[in-house]
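Peer 1: Let's have the full structure, built from the sequences with the hints guiding it.
If you're matching positions, the sequence shown starts at -8 in my numbering and goes up one per residue.
These aren't lab readings, by the way, just hints derived from the structure by calculation. Built from N, CA and C at the ideal position, the CB exists for glycine as well. There's no promise every hint is true.
What the hints assert, rightly or not - Pair by pair, the computed Cβ-Cβ distance ranges are:
1) G209 to V183: 20 to 28 angstroms
2) A201 to G40: 44 to 52 angstroms
3) K258 to D93: 39 to 47 angstroms
4) V313 to K42: 40 to 48 angstroms
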Amino acid sequence: MSDVRLGFIGTGGNMNRHLRELTQIGGSTFVAFCDIVVEKAERAVQQYGGKAYADYNEMLAKEQLDAVYISIPPFAHGPPEKAVIAAGLPMFVEKPVHMDADEAKEIAAEIEDKGIITACGYQERYLDIIDKAQELLASRRVGFFMGYWMGGMPGGWWREKAKSGGQLMEQTTHEFDMARYLFGEVKTVYAVARYDLIPNTDYDIEEASAVSLQFESGVFGIMFSACFTTNGLRRSGLDIFCEDGSIEYHLRRAVVLSTSEGKTEWKPENNCTIDMDSTFIEAVRTGDGSAIRSPYSDAAKTAILSIAANQSLETGDPIHLV
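Peer 2: What follows is the structure, given as structure tokens:
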């Protein structure tokens, strides 16, 4: 295969990041862009070439594509993925992959049925410092961990629970995914939240939450999330406690091992998002998806974890996943 011929569904901020990185990587041709706001697709065409569409079904029918990127708001997932599966094309799907657990499972089953190559946007899995964290954890017993995703509140559809799934679905999903990547599958979820920290009527999502996670491996942890901070406070990552010390993961910035002998810090030497995109493009080119660290089937499990946390917020009960 020469250049991989790509189509794009959605042309918002996340997709623009992928477009910049794919341009830097090389080896692909941007054939078509689709957005329900066709002017956005046309702007992408002006910058990168190709053809603009307002209907992804029309794009899939008319263009000769090797693969498709999908980067759309959480509430819009489902129909585009099914259309790409019907076309038999590999696809990269940005997180979160779905807001409905049964639908996510159904799509994952269809993908497996057809043997379609997929990748999803959990870029932290590609960090070299996460490889180091796995190496450090392999020789240690983990007692528990605390995780964080803290910051301010974005605008637009993000503030509507029915459209975004809230912070647990849109942001904390990255830390849920990393916890799964490091510790395995979660069997029980219990969540609590606050909604009264900022007097405001233009959103209906939780402002702060704590999610208790019990893993099949015996590890347990609590994930704290906050979008009420207005003073620039930002904290995201994991603090992992082992028998001989702790391992801190500072989101995309560092892994720190602390023991009685002192501290050792590792900083990333790779660009995880470029590595994620280049791995997908190479998989499409060769037909071998074995190097992809977050295929749809796995990303669906992370989405289901976020969905379970939201269900626990609604019901006040623990949610059992296995």
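Peer 1: Next step is simple, just say for each hint if it's right about the structure.
Peer 2: For each hint, the structure was consulted:
Evaluation of the 20 to 28 angstroms hint for G209 and V183 yields a pass: the beta carbon distance comes to about 23 angstroms. The hinted range of 44 to 52 angstroms is satisfied by A201 and G40, whose Cβ atoms lie roughly 48 angstroms apart. For K258 and D93, the hinted distance range of 39 to 47 angstroms is satisfied, since their beta carbons lie about 41 angstroms from each other. The supplied range of 40 to 48 angstroms is met by V313 and K42, whose beta-carbon atoms lie about 46 angstroms from each other.
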